[in-house]
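A.B. asks: Listed below, chain by chain, are the residues.
2 protein chains.
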Amino acid sequence: MSSDVVLALDAMGGDHAPDMVVEGVAIAAKRFPKARFLLFGDEARLTELLAKHKAAAQVCSIRHAPDAVSGDDRPSQVLRTGRKSSMWLAIDAVSRGEAAGVVSAGNTGALMAVAKFVLRTVPGIDRPAIAGLFPTQRGETVMLDLGANVDCNANNLVEFAIMGEVFCRLVLGIDQPSVGILNVGSEDLKGNSAVKTAHSVLKSHHMHLSFHGFVEGTDLGAGTVDVVVTDGFTGNVALKTVEGTAKMFSHFLKESLSNSWMAKLGYLFARSALHRLKMRADPRRYNGAMFLGLNGITVKSHGGTDALGFANAIGVAIDLASQGFNDKIKEELAHLAEEPNGQPQLAAL
Amino acid sequence: MSSDVVLALDAMGGDHAPDMVVEGVAIAAKRFPKARFLLFGDEARLTELLAKHKAAAQVCSIRHAPDAVSGDDRPSQVLRTGRKSSMWLAIDAVSRGEAAGVVSAGNTGALMAVAKFVLRTVPGIDRPAIAGLFPTQRGETVMLDLGANVDCNANNLVEFAIMGEVFCRLVLGIDQPSVGILNVGSEDLKGNSAVKTAHSVLKSHHMHLSFHGFVEGTDLGAGTVDVVVTDGFTGNVALKTVEGTAKMFSHFLKESLSNSWMAKLGYLFARSALHRLKMRADPRRYNGAMFLGLNGITVKSHGGTDALGFANAIGVAIDLASQGFNDKIKEELAHLAEEPNGQPQLAAL
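These protein sequences, in sequence, are chains A and B. Here the first sequence is numbered in this note's numbering, starting from 1 and rising by one per residue. Here the second sequence is numbered in this note's numbering, starting from 1 and rising by one per residue.
Check the hints yourself; a few may be wrong.
With a Cα cut of at most 35 Å, we get these calculated DSBU-like pairs of lysine-lysine [to be verified]:
id, chain 1, residue 1, chain 2, residue 2
1, A, K196, B, K84
2, A, K84, B, K190
3, A, K278, B, K264
4, A, K254, B, K278
5, B, K203, A, K247
6, A, K196, B, K116
7, B, K196, A, K190
8, A, K196, B, K196
9, A, K278, B, K247
10, A, K203, B, K264
11, B, K254, A, K254
12, A, K116, B, K196
13, A, K328, B, K190
14, A, K254, B, K247
15, B, K190, A, K203
Some but not every residue of chain A turned toward chain B, in silico, with C-beta under 10 Å [stated by the list, open to error]:
id, residue
16, V59
17, S61
18, I62
19, A113
20, S193
21, F211
22, G213
23, T245
24, H251
25, Y267
26, H275
27, H302
28, D306
Hints in this document: simulated from the structure, not taken from any laboratory. For glycine and all other residues, C-beta sits at the position ideal for the given N, C-alpha and C.
Please construct the entire structure, taking both the sequences and the accompanying hints into account.
C.D. replies: This is the structure:
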């Protein structure tokens, strides 16, 4: 895998920025020695930080940005007044072709709004989607959309399926990823009209896509399929429900294990095993939500991430860029647009 | 609390029916000595079973039903051909006024379809909802709708809020239950048009309802509000996501605790504490989904329930019936229909 990729980084986004960003670059530089980074943010602070991180300094160029987007800023406000922010300027670098992708731990809504406005969607993709990885009993599952689009039609869901499948193949290295549509039951007759129409399109089309059919909420934890397709409303609720349930379970576990001296003793012996459990079940260990479908790789790191998490998000962006994610999407869309008789299929929706 | 209630029971519904139903009645008879039951099902089998359960026999009358609905039957098929089934005849008894409510562990879709067809909705309620209880860090939360309506408008959500709030007060005994609408963020501007309109109606109206605003998926496990209102698509996915995540967590916990001899030793000491944890986090321990908004109490017990679970579902039906749930709903709707100036408010949606 070649990784002589240039990425634009929003150095001012995230709770622990810019320190965490510079430290993240230092970690990423070891993993991807050929990668180069454009660091957008306050020049004085970044110069000072890079002086302390020689490994990072060797692979970075600083680009001064006078403003920074805060976590409370409304996307519409950032669209109006945020053109000098580190976030906007980093995205601009992708649009001008200076960088293959952008990574930011800043405000999610603002990042999506500016990325959509500046980069536009890939031809053939109506709406970009936010994709993320979930822990499951079988390994991990990609789910999209996680909140970019609260209302989705069948066409959007079919495009999400294609993007999720390509992501799984290129980034996770899964050979024939299986794809399911999230629904209220697994029978073909269930659900709203969007999921039913998307189901029939994906079932009938002649691509390589391995379509499993409908899946339910229980299939998320079970890991029944590699890609779970859903609208941004349901996906966002499901993502946060997994987080909330995992937290509740941890809370109950802690309470149970401090209830009696027997249980406390048990905890002492099992402590390191339980720590591993916590790491494994925490959805946040998968850092980096991918904005798929834009002309340029865009990766959103968690706002509260540390340097290691930011380095992981950089890794995802490098994978997407160096594997030619967007070109593969275009190829798959071209397949889909042609029925065996040469007629476009999606247009009929 | 008076409990001289008559309930109609579908004795043939559920994996372990009819034995589990008769045993469940025996348990319920001790808890609610004044309650009486009409047992719909195969007369010969039920007579035989009641001969073995004197406690149940004293409070039951058998009503013969020649057919039974199976788990695989489609609701539409049951509507056409199921009029002699134990499920239909039990619901019929409610519609004729012989029983205040019905309890069934049979096919959920069929039960909702027949109950809607035979009982109709309470005047002022457009659609019935399925409500269920979730375990949370703070206690328990009622969520509705869990799958009766895949598409919901703002009006439906407002009605669900009212029904959920009354349920919380009457059945759970919570004084001022807080109500939240499930959304992709807690800010007023987020979400689709249905949740935004429902939010503004509930925020502005002058009932006693304690409206919290929007809640997110993480608030389910945290127990932020007493009542979570959502459409049936999202609610069903969230319910099953909680189940799937709890299963995944249990699976990871089991694996972690068998990984090393230290962990195994820890497990031996903590075993009973961990068993309590399993009971506490299992959403299925709350047996019985309530179909709210119908002219007659309808409670759906889990298909795989045992006698104790079925007795709990009977208890919920007795609570709803003896507290006059449907009358309270009508009162609240009357409040809502009148603005301070006497104009109806919901009609404007």
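A.B. asks: Now, for every hint given, state plainly whether the structure supports it.
C.D. replies: Hints, verified against the model:
1. K196(A) with K84(B): Holds: K196(A) and K84(B) sit about 33 Å apart, inside 35 Å.
2. K84(A) with K190(B): holds (26 Å)
3. K278(A) with K264(B): At roughly 17 Å apart (the allowed maximum being 35 Å), K264(B) and K278(A) satisfy the hint.
4. K254(A) with K278(B): holds (13 Å)
5. K203(B) with K247(A): Roughly 30 Å between the alpha carbons, so the hint for K203(B) and K247(A) holds.
6. K196(A) with K116(B): OK: K196(A) and K116(B) at ~24 Å, within 35 Å.
7. K196(B) with K190(A): holds (26 Å)
8. K196(A) with K196(B): holds (26 Å)
9. K278(A) with K247(B): holds (15 Å)
10. K203(A) with K264(B): violated (46 Å)
11. K254(B) with K254(A): holds (16 Å)
12. K116(A) with K196(B): holds (24 Å)
13. K328(A) with K190(B): Holds. K328(A) to K190(B) sits at ~33 Å (cutoff 35 Å).
14. K254(A) with K247(B): Judged against 35 Å, a Cα distance of about 18 Å means the pair holds.
15. K190(B) with K203(A): holds (33 Å)
16. V59: For V59(A), the interface hint is violated, since the closest Cβ of chain B sits about 36 Å away, which is over 10 Å.
17. S61: Hint violated; S61(A) Cβ to chain B Cβ min 36 Å, cut 10 Å.
18. I62: Violated, about 34 Å.
19. A113: With a closest approach of 13 Å, the A113(A) hint is violated.
20. S193: holds (8 Å)
21. F211: The hint is violated - F211(A) has no Cβ within 10 Å of chain B, the shortest such distance being about 19 Å.
22. G213: violated (16 Å)
23. T245: Interface hint status for T245(A): holds (4 Å vs cutoff 10 Å).
24. H251: holds (5 Å)
25. Y267: holds (6 Å)
26. H275: holds (9 Å)
27. H302: violated (14 Å)
28. D306: violated (21 Å)
Violated hints, listed in ascending order, are 10, 16, 17, 18, 19, 21, 22, 27 and 28; each of the other numbered hints is respected by the structure.
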